[in-house]
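Chains as they are written, first to last, in the working numbering: chain A, 5 to 323; chain B, 4 to 370.
Think of the hints as simulated: they come from the structure by calculation, not from any bench.
Ideal Cβ positions, reconstructed from N, Cα and C, are used throughout, including at glycine.
One thing to keep in mind: the hints can contain errors.
Calculated cross-link-like contacts (lysine-lysine; reagent style DSS-like; alpha-carbon spacing at most 25 Å) [stated by the list, open to error]:
#	chain 1	residue 1	chain 2	residue 2
1	B	253	B	227
2	B	190	B	285
3	A	129	A	235
4	B	356	A	201
5	A	235	A	273
6	A	273	A	136
7	A	235	B	285
8	A	96	A	201
9	B	285	A	273
10	B	285	B	194
11	A	96	B	356
12	A	136	A	201
The following residues of chain B were derived to be distant from chain A, with all beta-carbon distances above 10 Å [to be verified]:
#	residue
13	169
14	181
15	184
16	231
17	342
18	352
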Amino acid sequence: MNSNLVIIIAAQAIFYGTPLFFAALGGVFTERSGVLNLGVEGMMLVGGVSAAWASQHIGGTAWVTVLGSLLVAMFAAGLVAAVHAFLCVTLKANQTVAGLSITIFAGAVGLSSYLANVWHVAEQKVPRQLVKLDLFGLADAPIVGPLLFDHTVLTYVSWVLCAVSSWYLFRTKIGLQLRAVGESPQTADAIGINVVKYRYVHTILGGTLAGLGGAFYSLAIVPTWVDGMTKGAGWIAIALVIFGFWRPDLTLLGAYLFGALQALGIQLKTRDVSIPGDLLDALPFVMTIVVLVLVSTRFAHKRIGAPAALGVPYEREER
Amino acid sequence: MKSPVRLERRLEQPRQLSWIIPLVSLLGALVVGAVVLLATGKNPLDVYWRMLDRGFFSQRALTGTLRTATPLAFTGLCAAASFRLGVINIGGEGQLYVGAVGAALVGLWMGGSVPVGVTIIVMILAGMLFGAMYAAFVGVLRAQFNTSEIITSLMMNYLAGILLNYLIFNSSSYWRDPRSFGFPSGKPLDKRDYWPAFEFGGLSVPIGLLIAIAAAVVLWVVYKRSRLGFEISVIADSPRAARYVGIRTKMTIISVTALSGALAGAGGASQVGDFAHYLDAKGLQLNNFGYTGIVVAALARLSPLGAVLVAVLLGGLTNAGYSLQGPDFPSGLVGTLQGLILFCAVAGEILTKYRLRSNRAGQAVTA
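Turn these sequences into a full structure, and let the hints steer you where they fit.
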C-alpha cells in the first residue's frame with residue numbers, strides 16, 4: 005500500500021467518521037445522564053430527511069440554506085428525542101424497548117420514509133450540500149492538506165465540539181452534576197440537583213447531535229435522500245459510546261477508526277482488489293462486535309466509565 | 004407548579020390489564036397516528052377505513068393477511084421467547100434470513116426426491132438449526148463476556164443481509180439460479196417440494212402459520228409447566244437470586260437465545276417453503292419481519308399465544324399497506340403506525356406498575 009492511499013483513507017476516515025462522532029457524542033451526553041438511547045438510528049434518519057427537505061425549501065445563499073437545514077435537522081431529531089425522554093424519564097418505561105420503538109417508529113421503513121414520501125424529498129436532488137471548504141487554500145498541500153484543510157464545516161465543528169464537550173463534562177460544575185445524575189440519581193437528588201431536568205435536557209441534546217449526524221448523510225455523504233441511508237450507523241454509534249468509555253475524545257478516535265474501515269472498503273472496491281465487496285461491507289459490523297466483546301471482557305468488572313445508573317429509571321420514593 | 008396527576012406504585016396487578024393494555028395501546032397508536040396523518044394532510048378516518056377493508060374485509064384480503072402474519076408470528080415468538088428472560092434478542096431479522104438459507108439448502112438438495120411431508124420437516128429443522136446457531140453466538144457472547152446482546156444481535160442482522168446478497172447477487176453459490184442471467188435470483192425448489200396450504204372455505208392458510216401456532220402452544224407449555232420455564236422466570240426476576248439457588252444462568256441464557264433464534268429460523272424456512280420457493284434475497288430484506296416481530300411481542304406482552312393473535316392483526320396492517328401503497332398511501336406509513344403501536348405498548352406498561360392518581364383529590368383517576 006503506498007503512502008498516497010494511506011493519506012486518502014485517513015482523510016476519508018475523517019469524512020465518514022464525522023457523522024458517527026456526532027451521533028456517538030450525543031450518546032455520550034444522553035448516557036452520562038443515565039438514559040440509554042437505542043433510538044439513535046431513528047433520530048439520525050429523521051434528521052437526514054428533514055435536512056434534505058429543508059435544503060430543498062430554504063432559499064437564500066448557500067450558507068443560509070445549509071445552516072438552516074442543519075438547524076431543522078437538529079430540531080426534528082430533538083423532537084423525537086423529547087419523546088424518548090418522556091417515555092424514559094416521565095413514564096419510567098423500559099429504556100431498551102423505548103429506544104427500539106423510536107428506531108422502529110422513525111427508522112428506515114417508518115416516519116423518515118413516510119415524510120420523504122409525503123414531502124417528495126427523494127424525487128429531487130439536494131440543492132445545497134455540505135461542501136468541502138478548502139481552508140486557507142491549503143487543501144492541496146501535501147499530507148496535511150487532505151487531512152486538515154479539506155473538510156466540510158461540520159467536521160471542524162466536531163473538533164471544536166469534542167474539546168468543548170470534554171471541558172463541559174469534566175471541568176464544569178454542570179458537567180459534574182450531570183455525571184452525578186448518571187452515577188447516582190438518588191445522591192444527586194438529595195443534594196438538590198433536578199434529575200428530571202438533567203435527563204430531559206441531555207437526552208434532547210443527544211437527539212439534536214444524532215440529527216446533525218443524519219444531516220451529514222443526506223447533505224454530504226450520499227448526498228440526497230435514500231430510505232434507510234444511514235445503514236446501521238446509529239447502532240455503530242451506540243457501540244462507539246461504549247468503545248470510547250463515555251468520553252468525547254476517545255469517541256472521536258473510535259469514530260475515525262470506523263470511518264477508516266468504511267473508507268478502506270470503498271477504496272479497495274474501486275481499485276478492483278480480489279476481495280469480495282460484501283466482505284468489505286461486513287467489516288464495520290464485524291468490528292463492532294469484536295470491539296464490544298473486547299471492551300466487555302477486559303472491563304466487565306470495572307465497567308470503566310459506564311454511568312452506574314445507565315438504563316435505570318429514577319424513582320424518588322424508592323431508595 | 005405541581006402536575007395534576009401523579010404516578011402511584013401498584014401493589015398488585017389486576018388480571019384484566021393483560022388485555023386492557025394492548026387494547027388501549029392500539030387505540031392510543033391510532034389516535035397519535037391520526038395526528039400524524041392530519042399534520043401531513045391526509046384524512047385519518049379514510050386511511051384507517053381503507054386499511055381495515057384491504058386487511059380484513061374480504062377472503063382475498065384475509066388470505067394475504069395470513070400470509071404476512073406467518074413470518075410475524077415466528078419473529079414475534081422469537082422476540083417474546085428471549086425478552087421473557089430479559090435477553091433482548093433483536094436479531095430475529097438476521098436469524099430469519101439465515102434460517103431461510105438453511106432451509107433452502109436442504110430443500111434444493113432434496114429436489115423432490117422425498118414425500119413433501121418429509122421435506123417440510125427437514126426444511127423446518129434446518130431453518131431452526133441455522134437460526135439457533137446464529138443466535139447462539141449472540142447468547143454465548145452475552146453469557147460468557149456479558150457483551151450487550153442488543154447491539155451484537157443487531158450487527159448480525161446486517162451481516163445476515165450481506166450474506167444473502169453475497170449468496171444470490173455476488174457469487175455463483177449453490178443457492179443462485181445458474182439460469183438467471185439478467186437479474187440474479189435464487190434457484191427454485193422442485194415443484195413437488197412446495198409446502199401445501201390448507202383451504203378453509205375459500206381462505207388459504209399457509210402450513211407455516213399452523214406450525215407457528217403449534218410452536219406457540221409448545222412455548223406456552225414450556226413457560227407454564229417446565230423446569231426451564233420456571234428458571235426463566237426466576238432469572239428474569241432476579242439474576243442474582245437465580246445464581247444463589249443454583250440455576251445455571253449462563254446455560255439458560257445460551258439455550259433460550261438459541262431457542263429464540265430457532266423460532267425466527269423456522270420463519271425463514273416457511274418463507275422459502277410456503278411462499279417464495281427460492282432464497283429470495285431481496286424480498287426477505289424488504290419486509291422487516293424481524294423488527295416487526297418486536298412490536299408483535301411487545302403488544303402481546305410476551306405471551307406466546309397472544310403473539311400469534313397480534314401477528315394476524317399486524318399482518319393485516321402490513322398487508323393492507325402493501326396493497327394500498329401508492330401516491331396517497333405512501334410507504335413508511337405502516338412502519339410509522341407500527342412504531343406508534345410499540346410506543347404506546349411501552350408507555351402502556353407503566354399501568355402495570357403504577358396507577359394514575361389525581362394530586363388534588365387524592366383518588367384514583369383511571370385504572
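Broken hints, by number: Hints 12, 13, 17 and 18 not satisfied by this model.
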